[in-house]
Amino acid sequence: MHFEFNVEGGNFSKAGTASSQLKKILKQLNVDPKVIKRVVVALYEAEVNIVAHAYNGVIYIDIDTEKIEIKLIDEGPGIADIELAMQQGYSTASPEVREMGFGAGMGLPNIKNNTDELRVTSEVGKGTTVEMITYLNG
Amino acid sequence: MENVNFHHALKIREDLCIGCSHCMNVCPTEAIRVKNGKSVLFGDRCVDCGECFRVCPVSAIIIDHDDFNYIFDYKYRVALVPAVFTGQFPEDISLRQIYSVIMDIGFTHVYEVENGVDILSDAINETAANHPEKKPLISSFCPAIVRLIQVKFPALVENIMLLKPPLDISALHIRRELVSKGIPEEETGIFYVTPCAAKIAAIKDPVGELSSAITGVINMDILFNKVYKQVKQRNIQSCTLPIGRKLSKKATCWSLTNGEAPYIKGRSLAIDEIKNVIDFLERLENEEVSDIDFLELRACDESCAGGVLTISNRFLTAERLRNHSEDLPEQEYQHPDATSSILENKEFLMQHIDIGEIKPRSMMKLDENMAEAMKKMEKVNRIMQLLPMVDCGICGAPSCQALAQDIAQGDANINHCIFIQKILEQKGELSLDDSVKIMQEIWGFGKTNKYRDLKGI
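Chains as they are written, first to last, in my numbering: chain D, 1 to 138; chain G, 1 to 457.
The shape of chain G in the complex, shown without the other chains (with noise of 0.2 Å):
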């Protein structure tokens, strides 16, 4: 299996995890187990989407993220700010409020992520435009959908557009102004502020690149926090930031649902939650849905405003960004003192937006060599008509499909199955003992020994 070390953002803590097993049942890859009591990742299967740490009920999901004092490890320190951040805070709270605080709490440069928008919306229609095979053509904007369609949907690899998203588009842009200002380049340090796992493990492991040029990830919550703290402390009245550009109407509605969609030429198609993405996808693979021109397709309800580490309600959020985008003009706006557009920099821009080929890594294969996957399947099959169909879970799989895969694959037993433990008990194939050993193994032993131990019940 290629790709086996991936980099995941979204780690289990062990010492949290009581393996309750929720996680297991909403991950859209079936990419999660329940052994020894605790929930174990398949990491050639998981896409950062973050669905497990949503229902995580004792925060043992964690998103593993940059130490905020890292930041002091440059003398430049540069935020870059999705809109979706600022859409968190109440309508009280403007936009150079949070900037400054930003700034106060130590970073010396604040950049918004969707600069780069204005530049990567060209840029997609001159891709549709001459590559009319990709068609439909698909967003790169969502890491976790990228990464679905790798592993769940390898045909439809090469309809994703090999652009980079807007985030890495404003990132090589403040490289290049700061160095035009005479700021040394390994003294700058850019530092993303995430709305979710997918991003990090975008930034940590690029998909068609080598590396990136952001230096490091903040976590919304995190800094939200922090931002909030020093609002309600101080009633702030001080603003340390000029007056700065303004992003267009377009750059500040773009990463929420139907932000890219009306702005490519075509029949475009907006998608949102990872659900509907795979239930759309089937489709499209198999072409039943034909004559759409261009995807926006996100992981998120409500795309980044619903990302996992969004501390406000998703609409409230998407709702600010929209009445607030409603002032602003179609243009970059541009005042006299800013600093400079993004648009001075269009030219080298464009050259340096495409990224490498993406290849699938599909999860879906049961072996490299076709006649053991064939082998395989049949044991699979064979295994299926034993197996009772409930999905309970039970057997720490999260359906009696995976159970049947796990055990033709060599990771599970048929004994793992509640079912099959009973009529072999019955039989007498399986001492009782054997019977809640085997409970213990997938669900450790706190969870099985509670009724044992509560006497007088």
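If we strip away everything but chain D, and leave its shape as in the complex, we get (with noise of 0.2 Å):
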């Protein structure tokens, strides 16, 4: 099964949608609790990226009786080092930034700790990929 969101960058009123919906299908596919909780926390965590720092994204999720697909494309500044972003609490925000609370790192040690597989690649000044694979029966 095929399903594609489109998300506003900048817009965090709007952050979790896709999220959300992806919850509720794979709570009617009677997915195992355990891996849904994985996969959209995975998700959201992206998609809250997509949000912060690209001008606009698609996420294209395939599921079939196996494995969770899902894709994440934005149009934004990109990663310049991706080795580096996914270091724990690696982040590109100033410290006054980081003092309101905000910048504690791109989350993606977090994203990678909830997918079986994780790729990330990234082209600065034009945008980042994101392809994650959860295995339902791993």
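Simulated from the structure, these hints should not be mistaken for laboratory data.
Any given hint could turn out to be false.
Here are some chain G residues pointing at chain D (derived, C-beta under 10 Å) [as the list claims (entries may be wrong)]: (1) Glu287; (2) Glu288; (3) Ile292; (4) Asn369; (5) Glu378; (6) Arg382.
DSSO-like cross-link-like pairs, simulated, lysine-lysine; straight-line CA separation at most 30 Å [claimed, not checked]: (7) Lys112/D - Lys365/G; (8) Lys75/G - Lys181/G; (9) Lys24/D - Lys37/D; (10) Lys67/D - Lys375/G; (11) Lys75/G - Lys34/D.
All figures in this text were calculated on a predicted structure; none of them were measured in a lab.
Glycine residues also receive a C-beta, built at the ideal position from the N, C-alpha and C atoms.
Both chains are sitting in their own frames, so use the hints and assemble them into the complex.
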């Protein structure tokens, strides 16, 4: 089954719409609550990243009886050093912004912990693509 | 589907139901449909919150309870009374008056439900400290919320604290105390005075436990009427009740909104009213909300003061209890002549405070088998594209989405939709007679024939 969701950059009031929808779908498909939790947490984190950093993006979700594949493609500034961004607590946010409670890192490590396969590709000045796969019976 | 024969305290009386669909429209779990002019309840979705009971204009929704005379089957009859019961009465009627009348009308003992609170609050803090993986810990106090999480938020079931609510702790204490006084256990009946339907369901069919220490349930409105009548008629001066314990400040307000939260260490949040709770749990499930240690969630607005079986205005009840609690001590007050304190039993009660595992029983799934569920979901999505998305309810389902799911499950037909009926008629694929018949199958004869039978308008 295939689903698509548009994500609007900068609109935090709508952040989480896709993850809420996916959660509802997976519940209806009788997927194990523990798996649902992992997938939804990972997607929410990635969805918020688009809202926070990119101009806009599209989320493509494919579900079959074995796995859930999610691809998030955004148009935005891109990530210069993906390896660095994958590190816990890494953030490009300035100390002032961090003091306000934002910019605790992109949550990529958290996404990684909650998916079975994760691939991040990016082109600076163009955008970022995040692909994640979660297996249902593993 | 597991637990289809789940016990519900809420029942629809078919002889009284006029099929007005008020209940269908307010049900937070979409558990009601209208068929043949009557409301029908889906047992696996109902969480006994009682929202339907509140809106029924003809009192066709009833709350199953034990007959009052059932108490006389027991030699020793304990009334287990929650604080909100005393909050039902006007200020000029004293606590002692209320309790002494309860004794006069047939009980041999009166105990307060919230006695168990002084034991429980320590246990909650202990659980929170020992089980950081359960964070945020969700209170097990409100049985409608426990059931809501089981059916609608299966991933959050493991956050529910596996501790008995004050009611069951107090009931255990009473049993032990009476036995220690030489009263045979089988001659003791403990009757809980309930403000809501969910508590009844929880006692008749406990979640996480095999059976309850409570013998029977008396609905709060029924006891209120009995007690208030006696108070009014006899202007009681005599008081058969010994000078007893006094609940602590904490215990008195425990069942109100923000009753638990302030006493739990860390960051706690209190949310009341079932739709507010659903909205918050959606966010919690996505982990949009973090760093909260404890959640006090209650199905009714103003918590138990707003229970469906209460009589008094919920804001007044809450205010009375808060006023009353201002004069009360922080700890349970022990008069020298009083019966024994629950704290003397603390060790025993702490050993029995745990409840077993609470299992999810999701109502959301379209099928046990994922491949089948996917087929049904595709069907739902196709049907959704044909429906008008106005959620008018004329099809007998609360929303277009609900109808689409019913159709995919084989419980309804797409021609139940009034918009689709019109088009089918226009295309000559459905006769007018058949279309009226469909309406009658949903709404019964009375409503559909009203206009035809009233001539001369």
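Are any of the numbered hints broken by this structure? If so, which, sorted upward?
Structure breaks hints 3, 6, 11.
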